[in-house]
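Protein chains: 2
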Amino acid sequence: MAESWSFLDTVESNFRPLVVIELAKGTKEETIEWFMKRIVDKKADGGAQLLIKPLIMENGHENIYLVGASHLRLLLGAETVGLVKECNDNSMRTFTYSSRKTFKDFADDNHNFLTMAECQYIIKHELDNLRAKNEKMIPGYPQAKLYPGKSIVRRLLTSGILVQIFPLHDREELKKLRHSWYGRVRVGYQPLDDIRCYFGETIALYFSFLEYFTFALIPMAVIGIPYYVFAWEDYDKYVMFATFNLLWSTVILEVWKRICAILTYRWGTLLMKRQFEEPRPGFHGVLGINPVTGREEPVYSSIKRQLRIYLVSLPFVCLCLYFSLYVMMIYFDLEQWALDYDKENESNFSSLMLYVPSIIYAVVIEVMNRIYRYAAEFLTSWENHRLESSYQNHLILKVLVFNFLNCFASLFYIAFVLFDMKLLRQSLATLLITSQILNQFAESLLPYWLQKRHNKRMKKCTYSQKTNTNLSLAEQVNMEKEMGTYLGTFDDYLELFLQFGYVSLFSCVYPLAAVFAVLNNITEIYSDALKMCRVYKRPFAEPTANIGVWQLAFETMSVISVVTNCMLIGMSPQVDALFPDSKMDLVLTVAFVEHLLLAIKFIMAFVIPDKPRDIQMKLAKLEFESLEALKQQ
Amino acid sequence: MAESWSFLDTVESNFRPLVVIELAKGTKEETIEWFMKRIVDKKADGGAQLLIKPLIMENGHENIYLVGASHLRLLLGAETVGLVKECNDNSMRTFTYSSRKTFKDFADDNHNFLTMAECQYIIKHELDNLRAKNEKMIPGYPQAKLYPGKSIVRRLLTSGILVQIFPLHDREELKKLRHSWYGRVRVGYQPLDDIRCYFGETIALYFSFLEYFTFALIPMAVIGIPYYVFAWEDYDKYVMFATFNLLWSTVILEVWKRICAILTYRWGTLLMKRQFEEPRPGFHGVLGINPVTGREEPVYSSIKRQLRIYLVSLPFVCLCLYFSLYVMMIYFDLEQWALDYDKENESNFSSLMLYVPSIIYAVVIEVMNRIYRYAAEFLTSWENHRLESSYQNHLILKVLVFNFLNCFASLFYIAFVLFDMKLLRQSLATLLITSQILNQFAESLLPYWLQKRHNKRMKKCTYSQKTNTNLSLAEQVNMEKEMGTYLGTFDDYLELFLQFGYVSLFSCVYPLAAVFAVLNNITEIYSDALKMCRVYKRPFAEPTANIGVWQLAFETMSVISVVTNCMLIGMSPQVDALFPDSKMDLVLTVAFVEHLLLAIKFIMAFVIPDKPRDIQMKLAKLEFESLEALKQQ
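Each protein sequence line maps, in turn, to chains P and Z.
The first sequence begins at 1 in UniProt numbering and counts up one residue at a time.
The second sequence begins at 1 in UniProt numbering and counts up one residue at a time.
No lab work stands behind these hints, which were simulated from the structure alone.
Incorrect hints may have been included.
A pair holds if it fits inside one copy or across any two, identical chains being indistinguishable in the list.
DSS-like mimics (lysine-lysine), calculated; alpha carbons at most 30 angstroms apart, straight line [claimed, not checked]:
1. Lys583 / Lys237
2. Lys133 / Lys150
3. Lys304 / Lys611
4. Lys42 / Lys25
5. Lys618 / Lys273
Starting from the given sequences, assemble the full structure and let the hints guide the process.
Have a look at this one:
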């Protein structure tokens, strides 16, 4: 590889480019000079003490810079970000430079002790934490104000001088990863540890969850198949299936927490201390003193934010929900019209027309979800949350509620207002399958195709034909900087969440849903992997210890599904026939069973420990050691 | 006071007795000598570095010792236990000896910087952590085995050589506290900070909760009175009352968490790091290596414990629950017999007889609860839990389930099997009032009376008559060592928990319950205060940050009460009359309202932050500072 890095001739041999910085075209010379100096300056002088080199492009562009760092600097940075690594005695410990010799695989000349993703995370952390000293503005841009303690990179980004920062792909590693991940058709697990090393913990955890969830659905799918094959319609079999499903969904969510603990312990993020959260880049307000840090930063009244949330966002969300219900009613009118049409004509075409309203509705739902998503992002950004986590939580809440209603309202309506089980089954199947196909297409295949076309055109224009792996660094950077940016795992989790809804909410009506979910998820693993490796820029690694608010979302869904399944079973004619004299008794029995199931669910969630015993022991051991160390002081 | 401490003549003037150790009569000389030496020995030699003096009693007893410590020793001990104190800038920080000057009210000659309760807690901690070095047994008692790291005091206690350790009352302080607490009849808050200084955080938090809970019940009581006075029976008023109650009970439990955070922040325990938990004294097993600490200690297989829990304890608890239900059925037979008897005779006596079964049942319930309590303690101890906290949790769970069934089963039976609202109201009133009277009597007044009689006899036998406040130290110790031991806040919380059940489970049937609860709690504050100050030995202070598992218990009760109240309202004839055509619609509506209320409850619990904003800010500030300090390193 090294011989293809065109600039290496002019540079000390230990410079390994990790992160790419693209400045806007025509950025003033003095700004660039000042920014470079701040990046290279010693820590003691308030700099980041990193290495930076301009990338000389063949077409003469000069606005791209490569950032790297010396091995020692990266190790010190690993200590700053609180990285947790494995020790020689197989325990996980927070890395410190002074205790470096006790860590597994550490050697002063082993430059692979830190993975490339970790190095890039460290550089991003250091760049984000490069703060203004007594500059009042960015040199050359008087309108881009600075104040002591303001993150320089964030100001450069918000004022448009800095176009983007992204980590570089490692083409050798990526090729290996692609091969072991989806390069050959095989039955087996994903190379999760390799994914984590390359893409970081957040993405690896998503793929772990996707894989785990797929495996967890298999029992449901296997039990569901005979219902379809033998057309079982006996109520007792459905009750059995639904009961199994409800308890099973509780078990899988609890077991996931344990698996998540095992994975994140191995990856070190379970032990990683939460870093202090900086205000998010978009946060604005009057300059004031943060009471927590004592630093100067924008301050925005919490009351104003609450007013925006409750007086604007909440009514808007309610309006959207109402609109979504209105669209649903139109769908039912269409459905009725198609039925009437079919009755009148009884042709092949008219019976095909029966499926048209469902398909249109599924497409409309997808479109509405995407439009609403933009509105929700705009509104949440306008609410001006100080922390990225708070922004994310409010966004997720807004999007979840709308998506839930949008996807499931029609099914609820069919089930509990129209009482039409046949239509419910048909709608469920259409919605599930249409949305899966649409998603797979819109999410991976379309961007992949666009990307490929774009690359081809680029190559034709600029460079002579080369094999893909033999690109020069300049070519590689030029190609990667044009790739789309991966916006996080939100959409991927949302898709799984809605799928979980289709599988569990009406499981006793359509046992085949789990089969489709399993099939979709198997292809989803491949298409998501393709998306990560081929379509998008490499994302920065993001350490995380769990799947956060999604755990809560999935658990809430599984509680709602207990209610819906009990109602469905109570409404089935077979159960109805068991209580010929009194409908009262029927309803009371169903309500009793529902409460019993809910109670069992909560007790199970309470009794199953969130962490396996050996992880608990390891954590206790670490805690004990740190207490003992404190005593020794 | 000082002139009455009979031994002070022979001792350095800075010795302040804090803790009393009572050894068994006839303990061997060599054992005493060894134990004394270990207590006095320097920390570096594995001792506790405390001061100890024998107490010369007038009647020649020589088995009582007083433990104290130098001021410096106590300050170092405060650092060891991780005490959190207020700084000069009003923030709370973990005390360290090196930063002592920054703490509020600290001066080298201010011996009141640490409260007496804190000093006693430190001494207890140091004594508990006095560990065997290479002794194989307690000198003089070959059967009392020791191994390196075994707590000496615990072994002395389990082998009966050490009779008891208890902290000494401070008669001056106690007098002041009694006066401001319950000495005069007045309207106002309890002196919570003084209680905390004298008895420690666990007990102060119980009294805070008792007071808070009483105030929180007042709105319910006020709204409940007109229902009784005007004999309102309209369903809409009951629905209003029940709805208010359900939401109110959610709010008060959430607000309590916030108040608890405010209190424990002020007291420093919110910030206190959890100490590593030692095995509880009763824990036994084969000597092995603890994988967490690496220390030698008894090891007991977790599988064996699980077997004991699921194969013995669980069936036993179920059997007891069955027995309790059986007793309940006997009560209903008695009740029927009393009704028949009244019908036959129609005399004053026979109508009085109507109340007899309820009263007998209330007494039987109390007796069964107390017997079961012993069985539960025995079983939980036999389960051989390693940690005190795990022992407590299993005990609380056992006792809670049984008490819940025992107290409320008859009411559930009356409400949902007999459908007799009049009987329900009558039983509820009888049970509530009887149990409150019994409790007040058994818990405080009876022990107080016994204690008083005992003291009088003691004084008559041994000493000449003196006024109570003018006792010599020897007399004081002699009196206190005979007092009962306060066994913790378990029973007090349990009483409140059951009371909360009476108030909330059937609130729409008997709105007056809250009034009785408020009245009871006002006297309860006084009788519990009396109990703490007069009846029992002073307990060791126990730092705590919350009311632990009781928060969960109260929240569970409030969820159950949503279900019961909805059912009760659904069964009322007025609501029945609203749905003349279809009982189905009635039940479905009730079920819908119930689910809606539960959803609102969970959303409210989720939305209301557990800590007030200013406490959150203070905690964030501390976290930020410690992260910054780490970076500076």
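Task: Earlier hints that do not hold, by number - done: none
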